[in-house]
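Q: Each residue of the sequence shown is one higher than the last, beginning at -3 in our numbering.
Hints may contain errors.
Claimed, not checked - Quick list of in silico lysine-lysine cross-link-like pairs, BS3-like style, CA-CA up to 30 Å:
1) Lys27 to Lys74
2) Lys154 to Lys74
3) Lys44 to Lys129
4) Lys102 to Lys74
5) Lys64 to Lys52
6) Lys74 to Lys134
7) Lys52 to Lys83
What the hints assert, rightly or not - Ranges between beta-carbon positions, derived for each pair:
8) Gln71 to Gly104: 34 to 44 Å
9) Thr147 to Gln71: 34 to 44 Å
10) Val150 to Ser81: 21 to 31 Å
11) Glu131 to Glu31: 10 to 20 Å
12) Ala159 to Tyr106: 34 to 44 Å
13) Phe69 to Lys44: 39 to 49 Å
14) Glu31 to Val66: 16 to 26 Å
15) Ser81 to Tyr106: 23 to 33 Å
16) Tyr89 to Arg118: 15 to 25 Å
17) Asp116 to Pro28: 24 to 34 Å
18) Pro105 to Thr36: 20 to 30 Å
19) Ser54 to Val91: 38 to 48 Å
20) Glu114 to Pro62: 17 to 27 Å
Simulated from the structure, these hints should not be mistaken for lab results.
The beta carbon of each residue, even a glycine, is placed where N, CA and C say it ideally should be.
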Amino acid sequence: MPTLDSRGSRRIMAAIPSLAARGAPMPDYDKPLPELNQFTKSYWEAAKRHQLAIAKCSACGRLNHPPKPVCRFCQSDKLAPQVVSGKGTIYSYTVTHYPYHPGFVKNGPYPVVLVELEEDPRVRIVSNLVDYKPEQLKVGEPVEVVFDDVTPEVTLPKFRPRAAAAARGER
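All chains, please: the whole structure from these sequences, using the hints.
A: Take a look at the structure:
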């Protein structure tokens, strides 16, 4: 499996085992983390509370994602977070076989999904699919958000098939 990308992953991959061998502290979460800014802050703060919040325009009433400074429909800057159900369907997906970052080497191959939210099919979120069977990786599969507390500061919204929750009696 290739481990080289434009960011010098081969050097990073070579350094990680030697650091561990010397007893150097290893990070608990070795994948890239999202960067918070004034536009994405409310999205990530809601995720930390295990809520999915999408920016809603008070001028036209439409949901906007990914977070931007203005509404993509009417260009108003009157956007505020709106908590949504986190339910949707897989609109598209890909299976990543070659990691773009060393932190993903041990996870490959893994699915990346584009989820269309129930509240507004124009709102689509790129995320990981977790807790799934291979036959559930298909366009139109109903999914729901789950939250992964990857560090004390960062929680990532991920999606799982709704059938997985129903099978465990989590409905």
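Q: Is the gap between the beta carbons of Val150 and Ser81 within 21 to 31 Å?
A: Holds - the Cβ-Cβ distance for Val150 and Ser81, about 22 Å, lies within 21 to 31 Å.
Q: Just to be careful, I want the Cα atoms of Lys74 and Lys134 compared with a cutoff of 30 Å; is the pair within it?
A: At roughly 36 Å apart (the allowed maximum being 30 Å), Lys134 and Lys74 break the hint.
Q: Given the proposed pairing of Lys44 with Lys129, does the C-alpha separation stay at or below 30 Å?
A: Since the Cα atoms of Lys44 and Lys129 sit roughly 27 Å apart, the hinted pair holds (cutoff 30 Å).
Q: Honestly, do Glu131 and Glu31 meet the 10 to 20 Å range at C-beta?
A: violated (36 Å)
Q: Would you say the C-beta atoms of Thr147 and Gln71 sit inside 34 to 44 Å of each other?
A: holds (35 Å)
Q: Quick one: are Ser81 and Tyr106 within 23 to 33 Å, going by C-beta?
A: holds (25 Å)
Q: Would you mind confirming whether the straight-line C-alpha gap from Lys64 to Lys52 stays at or under 30 Å?
A: holds (11 Å)
Q: Sort out whether Lys74 lies within 30 Å of Lys154, counting only the CA atoms.
A: holds (27 Å)
Q: Given a hint of 17 to 27 Å, does the C-beta separation of Glu114 and Pro62 actually sit inside it?
A: holds (18 Å)
Q: Can you tell me whether the CB distance of Ala159 to Tyr106 sits inside 34 to 44 Å?
A: violated (19 Å)
Q: How does the Cβ-Cβ distance of Glu31 and Val66 compare with 16 to 26 Å: does it lie in that range?
A: Check passed, 20 Å falls within 16 to 26 Å.
Q: Cβ-Cβ distance between Ser54 and Val91: within 38 to 48 Å?
A: holds (39 Å)
Going through the hint list in order, the structure does not satisfy hints 1, 4, 6, 11, 12 and 13.
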